[in-house]
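> Sequence:
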Amino acid sequence: MAGGTAVCPADVIVPVILLPGIMGSRLKSGNQIVWDPDSKGLMIRHYALNAGSVPGPDLFRTRERSNVRAAAAKRKALLVGNRFDKNFLKPVEFAPVAGLTAAQVSRNWSSVSLSSYGPILRDMESSFPARLTHEVRKHNPQFNLVRMPVYACGYNWSASNYDSGKAAAAHIKTWVAEARKWAAANDAQCPGAILVTHSMGGFVARSAALMHGAAGDILAVISTVMPTDGAPAAYKRFHFGFENPGIGAELGSYVVLGRQGSLVTALLGHMPGAQELLPNKRYRANDSSRQWLHILNPARNLVGNAISGGAGYLHLPKANPYTEIYRKKDKMYRAANPDWLFPEALPKGDPFDEFLRHNQVAEAWHDRIYSAGDFHELTYMCHSADPGMKTYDFISWRPDMTGGSLGRSVKESNITIKEGATPNYRREHVVWGNEGDKHIDGGYLGLGTDWTIAAPVGSGDRTVPISASTLRISGKRRAVHHPGYEHEAAIRARVVIDWVRGRMAEVLGSCELYQ
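In case it helps, the working numbering puts the sequence shown at residues 1 to 515.
Misleading hints may appear alongside valid ones.
To be verified - Cβ-Cβ distance ranges computed for the label pairs, FRET-style:
{"no.": "1", "residue 1": "A372", "residue 2": "K348", "range": "34 to 40 Å"}
{"no.": "2", "residue 1": "D85", "residue 2": "R426", "range": "32 to 38 Å"}
{"no.": "3", "residue 1": "R45", "residue 2": "W432", "range": "24 to 30 Å"}
Keep in mind that the hints were calculated from the coordinates and are not lab data. All residues carry an ideal CB built from backbone N, CA and C; glycine is no exception.
Given these sequences and hints, build the entire structure.
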């Protein structure tokens, strides 16, 4: 500062570091690559062909049950092993990949899926520097962005974001130290790195900054579609898998990710990082309601409505979704079915204890990051608020029972699961079925209760609702886009890439940040 006025910089070097979303990092177990979205052969061999498919007729679904359990066991062996160990998987780092230059490999681009993140990495490397210099010179004529090395930082997305943040912080500190060394030798300035994040990558950035001492090496964090307080879609997937996109190019990805709850739970039930995407204690639906999980009563006709009314049976959470929802082992609305956690063979003891252990880690991470300050002091966020992209901002369990239309209501016995019992989950036909076909079958003769999850109706990006994050940051630093974009594709959307560049220009043009 000179006379109370910030001194604007001339030559500047700023590293830019991309942190991908969940499943956007290439992972290996030992020397074997086990997750690589860019390798169609690997993803088909390990996942599409291990999806529990049943060609031909299947009387009483006997082959489906056997095939799905075998598929879940193979997937779990690849991505979890016998029991979760945060060191079982590691990101593939600094590995040569076709299409990357030696310099790009040295900046760790091969640690992330290039089909997802290649466009923005190349855009930031090739076109951003000149355009940023042009924009900033409108406010600081002497500004010159002499270097902007672009890095990628893949991470083990199965582990807690505490651990991923620790690994990311080490990279951030190393890369910023290199930039500052170059700046000192060339009479330039390096104010720190700009982190660009997608989805869960925002969690990793927060962890690196607030839990692992990297805040002083970070100039700003620019987060896209981060589910700060979690997303109900993560809960829904424990029960019914990922959402069926309908016939089209995305159908293959849907089969790879897991089209039913047993395939998803066998993995996410053991992964604290994935469980950190479940709605946390602060989560609110788009209408600001704390209660985002609804156990409804059956749809009524006029007679039934007159007898029993239309009120729901139960609305949760009152305060803590971890204890009131996810860990309620004996309730049909729990997060994890114990029978699905170890498809290879049930271990000694209670399999649900394994889920509990990781769910407690997830709860603790959210509590700790909030108490540590929540966000880096200079954080920007953008989200899709497209009403046409129906997104779960709340979950409604709808029952179908004999006499329900005439006024019969849900009782505690209808939502309680006996010890050792497993509800009969039914999936849709992968080609001509739809998401609405997925349900819990209460049994023949109408003696039990069928349960479905109502279709999403909220605004968002088909995964993260608009309520999940934007209210946690000041209005000046958040952008809500409508028409919007889908969650996975957000980082490739032109409106998002332009918004990222605009926020970079805003940061680099703020002279006081260089002091």
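> Now look at each hint and say whether the structure bears it out.
Checked hints:
Take A372 and K348: their Cβ atoms lie about 38 Å apart, and the range 34 to 40 Å holds. A C-beta distance of roughly 34 Å is found between D85 and R426, which places it inside the suggested range of 32 to 38 Å. For R45 and W432, the hinted distance range of 24 to 30 Å is satisfied, since their beta carbons lie about 26 Å from each other.
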